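Trainee: So you can see what is in the structure, the chains are spelled out below.
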Amino acid sequence: MARPGRLAFVPARYGPGVVGGAEAMLGEIARGLAGRGWDVDVLTTTARDHFSWAAEFPAGVTREDGVTVHRFPAVVDTPRRVRAAINAAIVARQPIAAADQMAWLNDDMRVPELFDHLLEHGDGYRAVVFAPYLFWPAYVGAQLLGERAVLVPCLHDEPEARLEIFRPLFESVGRVWFLSEPERDLARTIFPALAEHRVVGSGVRVPDRYDPEGFRARHGIDGPFVLYVGRRERNKNWDHLLDTFGRAVTRSSMPLSLVSIGSSEISVPNALTDRVIDLGVVTDAERDDAFAAADAYVQPSAYESFSRTMMEAWLAGTLVIANGAAAVSRWHCERSDAGLVYDDDAEFEECLRFVAEAPEAARAIAKAGRSYAIEAASWVTVLDTIEADLTAAVSSER
Amino acid sequence: MRVLFVTGYPPPFDARARAAAEHVRALRADGHPVEVLSPAPSAAHHHSELGAWRSLPSMIRRFRRFDRVVVEEELLRAAPLRAGLRAARAVETWRAPTAASARPVEPVTVWPTDRDGAMAEIRARAGHRPAPRASGVHDDPGARIRQVPPLVLPEPTSTRPGASTVQKVVRRLTRWQVDPIVGRVNQMRAALIDQFETLERPDGR
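Going line by line, the protein sequences match chains A and B. Position one of the first sequence corresponds to residue 859 (my numbering), numbered consecutively onward. Position one of the second sequence corresponds to residue 19 (my numbering), numbered consecutively onward.
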């Protein structure tokens, strides 16, 4: 049944090979709502990589999986020196003048043609959904459209969130959708005049089957291993994971390997080359099999607003070991009773030792995770909530 | 008619930039293809340091490609921009609507004719204004320090030929010494504001 009004979703990147939780989530919602009869546009850039922003998809309009995709060129025409200098001050939590904050925002990828599209056609959409809040398209587009904009911030407790330029963004949009209660609570703390908001959650696709033995055979993996899936970047604590994993397994002679899946080239120290297996970007099915084959999944990031990969690990019956610095990861582990949380390197090492010495116990603990993930990350529930919110917005406008 | 609009543009979304975006929308609605040139990177199609003489050649080349150049009046203070505009086929100035015209008008309240109603109205109105302090001190030191803007070093740009290059070199050479001082001054300002706000809170917390 057709739904009233057109919707637009604005991820900074969209399409095959794009790695990123916010982008994947927005794409799933867009296609899910299209499947339920909504007329859906995706407004995005021609980029696949969020460092270079190089044009890897053609600009223009295409029809993909039931949605109309408009791709606009991402413009990077400054040396980004201002951004780099101010970034250092942000990380050091130094006071930064508002004008410098704005210069920091604008000295990065910009999408003027997307701005033009929203300026001319924004009024034609029932709602336009932006994510995540840190990227230029969301910052600019959401404030341009105001009441018509829905922000899915994917907020973490990062220093950037405290910049005053983000206040008008969170306070002027029509509504804000959060992925979890801890994310909402954080936003309420930072933005006292937060716009109308609700927790809509996020979902994961439940695989029909897993092939853990096939995965091990395809990649020649014999012994026990822990898995990391995601962007291999400093922001996600990848470097720290590599470092602490190396020290732990070397000192304790644990027979564990680290299998890593995701974007960005990685550099493995010589001493760890026989312990770290880099698979790069793989298909969704191969990633699912990796989750099932692993003895544990490690979530080292301190900045999570939902953590799709933790859900995927639990669906596969695999134990999660999470950095307790991310309130959302801790929250999931405590609610599910299926994950271990560490607060320092020593605790992380003991988590690894547990997996190495008691794999059966690890499997037993992880068992509760599948039902938790199915309930907490159901796309049906997420889409029902979103449709109800959109319909309420439509009704209140009449 | 191909139009180049030279203006401050979002972000930030202040009244001036929003008005500029609305003007672009209006020009396009009239059928004109419009491109925007802003003095700093923004949602505009182009950006250029309008106050720097080194930008002049590129400005001239750009202006010649359009049938009309519309310039935000405030930007005309930049001499290189004024010089470049001599190469344009047609120039028009545009002024952002002033904030005064957008200021909301306070609703006129009709006063009640009975005493209780009048007193209620008086109290209601008084409640919207800060009450004088019981101590009789009418000065608000917190407000005064808040009115002092954070210390920001001036941009090393000058309309005089060559001056901005010298300014940039001086800025670069003294950055190691000056930047920590600026940071410390702003930290002290923030600490003072925090302190005053704590003191001004009724519960003193």
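By construction, these hints were calculated from the structure, which means they are not laboratory data. Check each hint, because a few of them may be wrong.
Below, simulated SDA-like cross-link-like pairs (lysine to any residue); rule was C-alpha separation at most 20 Å, straight line [to be verified]:
(1) B:K186 - A:W1189
(2) A:K1225 - A:E1029
(3) B:K186 - A:I944
(4) A:K1225 - A:A961
(5) B:K186 - A:R941
(6) A:K1225 - A:W1189
(7) A:K1225 - A:D1201
(8) B:K186 - A:K1225
(9) B:K186 - A:R1063
(10) B:K186 - A:A961
(11) B:K186 - A:V1126
To give an idea of the interface, some chain B residues facing chain A are shown, with a C-beta separation under 10 Å as derived from the structure [as the list claims (entries may be wrong)]:
(12) A39
(13) R46
(14) G201
(15) Q205
Here the structure is a predicted model, which means the values were calculated and not measured. Heads up, the beta-carbon is just placed ideally off N, CA and C, and yes, glycines get one too.
Trainee: Out of the numbered hints, which ones does the structure contradict?
Mentor: Numbers 1, 2, 4, 7, 8, 9, 11 - these are the hints that the structure violates, sorted from lowest upward.
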